[in-house]
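Here the protein sequences come in this chain order: A and B.
Using the numbering used here, the first residue of the first sequence is number 3, and each one after it goes up by one.
Using the numbering used here, the first residue of the second sequence is number 3, and each one after it goes up by one.
All the pointers check out, no bait thrown in.
You can't tell identical chains apart in this list, so a pair holds if it fits in one copy or across any two.
Here are the simulated DSS-like pairs of lysine-lysine, each with C-alpha atoms no more than 27 Å apart in a straight line:
#	residue 1	residue 2
1	Lys371	Lys34
2	Lys95	Lys371
3	Lys393	Lys60
4	Lys219	Lys258
5	Lys60	Lys97
Source of the hints: derived by calculation from the structure; they are not laboratory data.
There are 2 protein chains.
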Amino acid sequence: MALEIFPLSPQNIQELPPLSGVRIAIAEAGIKYKDRTDLLFIIFDEPASVAGVFTRSKCPSSPVEHCRVSLPHGVARGVVVNSGNANAFTGRKGKQTVDTIICAAANALKVKENEIFIASTGVIGEPMEASGIVNLLPSMAKTAREENWLEAAKAIMTTDTFPKLATRRFDCGGEIITINGIAKGAGMIAPDMATMLSFVVSDASISSQILQSMLSKAVQESFNSITVDSDTSTSDTLMMFATGKAKGNFPSLTSKTDPRYEVFSKQLCALLHELALQVVCDGEGARHLIEVRVIGATTDNAAKTIALSIANSPLVKTSIAGEDANWGRVVMAVGKAGVEVDRDLLTIWFGEHRLAINGERDPEYCEEKIGAYMQGKHITIRVDIGLGNGKATVWSCDLTTEYVMINGDYRS
Amino acid sequence: MALEIFPLSPQNIQELPPLSGVRIAIAEAGIKYKDRTDLLFIIFDEPASVAGVFTRSKCPSSPVEHCRVSLPHGVARGVVVNSGNANAFTGRKGKQTVDTIICAAANALKVKENEIFIASTGVIGEPMEASGIVNLLPSMAKTAREENWLEAAKAIMTTDTFPKLATRRFDCGGEIITINGIAKGAGMIAPDMATMLSFVVSDASISSQILQSMLSKAVQESFNSITVDSDTSTSDTLMMFATGKAKGNFPSLTSKTDPRYEVFSKQLCALLHELALQVVCDGEGARHLIEVRVIGATTDNAAKTIALSIANSPLVKTSIAGEDANWGRVVMAVGKAGVEVDRDLLTIWFGEHRLAINGERDPEYCEEKIGAYMQGKHITIRVDIGLGNGKATVWSCDLTTEYVMINGDYRS
Numbered sequence: 003m004a005l006e007i008f009p010l011s012p013q014n015i016q017e018l019p020p021l022s023g024v025r026i027a028i029a030e031a032g033i034k035y036k037d038r039t040d041l042l043f044i045i046f047d048e049p050a051s052v053a054g055v056f057t058r059s060k061c062p063s064s065p066v067e068h069c070r071v072s073l074p075h076g077v078a079r080g081v082v083v084n085s086g087n088a089n090a091f092t093g094r095k096g097k098q099t100v101d102t103i104i105c106a107a108a109n110a111l112k113v114k115e116n117e118i119f120i121a122s123t124g125v126i127g128e129p130m131e132a133s134g135i136v137n138l139l140p141s142m143a144k145t146a147r148e149e150n151w152l153e154a155a156k157a158i159m160t161t162d163t164f165p166k167l168a169t170r171r172f173d174c175g176g177e178i179i180t181i182n183g184i185a186k187g188a189g190m191i192a193p194d195m196a197t198m199l200s201f202v203v204s205d206a207s208i209s210s211q212i213l214q215s216m217l218s219k220a221v222q223e224s225f226n227s228i229t230v231d232s233d234t235s236t237s238d239t240l241m242m243f244a245t246g247k248a249k250g251n252f253p254s255l256t257s258k259t260d261p262r263y264e265v266f267s268k269q270l271c272a273l274l275h276e277l278a279l280q281v282v283c284d285g286e287g288a289r290h291l292i293e294v295r296v297i298g299a300t301t302d303n304a305a306k307t308i309a310l311s312i313a314n315s316p317l318v319k320t321s322i323a324g325e326d327a328n329w330g331r332v333v334m335a336v337g338k339a340g341v342e343v344d345r346d347l348l349t350i351w352f353g354e355h356r357l358a359i360n361g362e363r364d365p366e367y368c369e370e371k372i373g374a375y376m377q378g379k380h381i382t383i384r385v386d387i388g389l390g391n392g393k394a395t396v397w398s399c400d401l402t403t404e405y406v407m408i409n410g411d412y413r414s
Numbered sequence: 003m004a005l006e007i008f009p010l011s012p013q014n015i016q017e018l019p020p021l022s023g024v025r026i027a028i029a030e031a032g033i034k035y036k037d038r039t040d041l042l043f044i045i046f047d048e049p050a051s052v053a054g055v056f057t058r059s060k061c062p063s064s065p066v067e068h069c070r071v072s073l074p075h076g077v078a079r080g081v082v083v084n085s086g087n088a089n090a091f092t093g094r095k096g097k098q099t100v101d102t103i104i105c106a107a108a109n110a111l112k113v114k115e116n117e118i119f120i121a122s123t124g125v126i127g128e129p130m131e132a133s134g135i136v137n138l139l140p141s142m143a144k145t146a147r148e149e150n151w152l153e154a155a156k157a158i159m160t161t162d163t164f165p166k167l168a169t170r171r172f173d174c175g176g177e178i179i180t181i182n183g184i185a186k187g188a189g190m191i192a193p194d195m196a197t198m199l200s201f202v203v204s205d206a207s208i209s210s211q212i213l214q215s216m217l218s219k220a221v222q223e224s225f226n227s228i229t230v231d232s233d234t235s236t237s238d239t240l241m242m243f244a245t246g247k248a249k250g251n252f253p254s255l256t257s258k259t260d261p262r263y264e265v266f267s268k269q270l271c272a273l274l275h276e277l278a279l280q281v282v283c284d285g286e287g288a289r290h291l292i293e294v295r296v297i298g299a300t301t302d303n304a305a306k307t308i309a310l311s312i313a314n315s316p317l318v319k320t321s322i323a324g325e326d327a328n329w330g331r332v333v334m335a336v337g338k339a340g341v342e343v344d345r346d347l348l349t350i351w352f353g354e355h356r357l358a359i360n361g362e363r364d365p366e367y368c369e370e371k372i373g374a375y376m377q378g379k380h381i382t383i384r385v386d387i388g389l390g391n392g393k394a395t396v397w398s399c400d401l402t403t404e405y406v407m408i409n410g411d412y413r414s
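Whenever a hint applies, use it, and build me the whole structure from the sequences.
Right under this line is the structure:
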């Protein structure tokens, strides 16, 4: 099916600066797609610190299992990523494929096998051959270049309609630090966690332990606060690497009490948030970005439960697709969330338009004004529960006929 | 939007036999719809026993609140039901509307107000006027007839494409008993509970307490085991009445140890199950009925959680719409359910076709055979978790472009 350019596509694709000692190669392995790249090899010329957050699925893919085992070693020299096949639910063969690729990548770089990480995205349950990938890795190791970030983001796309990239450059305790990130998303996007694949690299010098602490925290308000369709992938992988190659030669960040911890964390949060929103904007068939802000819940957790109930409701999502400010369905979604609410204390806004107050329609409700608002691309639904101080914000997209067509059509 | 006849519509609409002393009137109140009935008045000429199961939404409608309060009185003389407006999230005005209608119905029948029950279905959050309904009730009380069951089922439809009726006639301890039931569903259908409205009447003589016990049990494997879109309505109402007018003049059923308890319960379960399946078959935009059977889970509850995770997954539902046996998405839905599973023990069948075993694709998998099966209207997904004896079956329907169109279009 030919995909049109969806309305939430960015106007410009960002360019990421090269990072010293981080070389990137891409190739056409022909795993599923024809005439496009589907294989990415990220190479760290010297050992990098590493952290990762993975799917909570009870049926994780073989690549996810491999990364979980290698992560405690705390050193990364390379990452192999393919699109077109998730190598998930592929049994012993799936593990053999992973082992074969890891072995070939380690040989190509002359490093240890537990310093190679791997991720696969695409169809689930189809056996995946290692040979097409393995044969390409040695030449990729030679031709990899520091400038290839945009090509990297393109190679990991599946049903994505645009590559997802973000970068930050900032002063971190006197040293100028860069963080580059790429992601791919599209479908099967839900907490926890909420991207299929994302890779983030910084030239800061940070221990793996501290890197993991910052990543685990930053993911909560970014990738774990977005949802496209409430479906959690078997393969969700967010990995972060730190090379220590920034030019300042500052001492390594190894403690949470180091003032640079907060500086770096803040920038990392912003970068992950930017990538996560790109994933939602490219939700399959998405025509509207939906921001759901819940305040006044009994706790932050209750607020997030309510916000996700709204953001995942097919009836709310289809009404946004129809540009209909159907706040009655928001009430329904609040009611089904299962946490403490009082119907007669609810206040609901769409954008700046208050539609409901004290458990009924706002007396000043104006259909025309709200109709104009609903034609925008970015819809904010705000709900005040009126009970406490708990708050949460999540992002989602609308449910369109295109979502159904894409997903009724994907495998075949 | 003009709705075509959907493929899961029944070939024939059932005719229900009249029940002595149960008179039914319908009328056009013009609440929202034009040129169709939207008001139903069920009248019990003598006091009937009553039981009810209602939405678990934390934001229930005013009619649901009224029924909950009146139910302990244990006597029913009338039920007023309207379609077109749910009178939900309508604040004090909503309660006033309910009170006004209840008062008028009680006056028309010369009975007590807590012997009148009420239900409303339709749009949420729009104020509903009582006057159009109230003016019609006195004449309806006079013209009501025992033969109007089909008309009753039609009057409570909203986006339903066919009226839903079921009946049972059976020997219950020597007495011939009849149970008639009607329901309406369409969207916002999910446990718990899983119909918007259903009314069931029997001529058996059963105490309200025993009636409630049987109804609460029977709902678990019928209306609480279906899901169209995982959205729980603010208005879900299932009510049951028993008139004691069967001709045998047998003693009333007032104890669970009475052998008739099991006989009646079994018939009630079957009738509710039949109605519940009609609701799923008329799920908005439904083109395939999906039966999800999970066995081998650690507990029955775990099995139901997994079954609902599969039945509610947008990606599973869209793949069925596309007639694609995408069992990889079934694995995904099993994995995200959050209960104990072992990926490498899973076995998955679509119909009689085993697609996956021991955590990978079945070696005898045949794309053509399964392709033919997927073109049927009734798709059974069977999953053996391989861990224990827990089992559950739920029913759902596919997610089609028509669902999105209906729900992007409904309010406006």
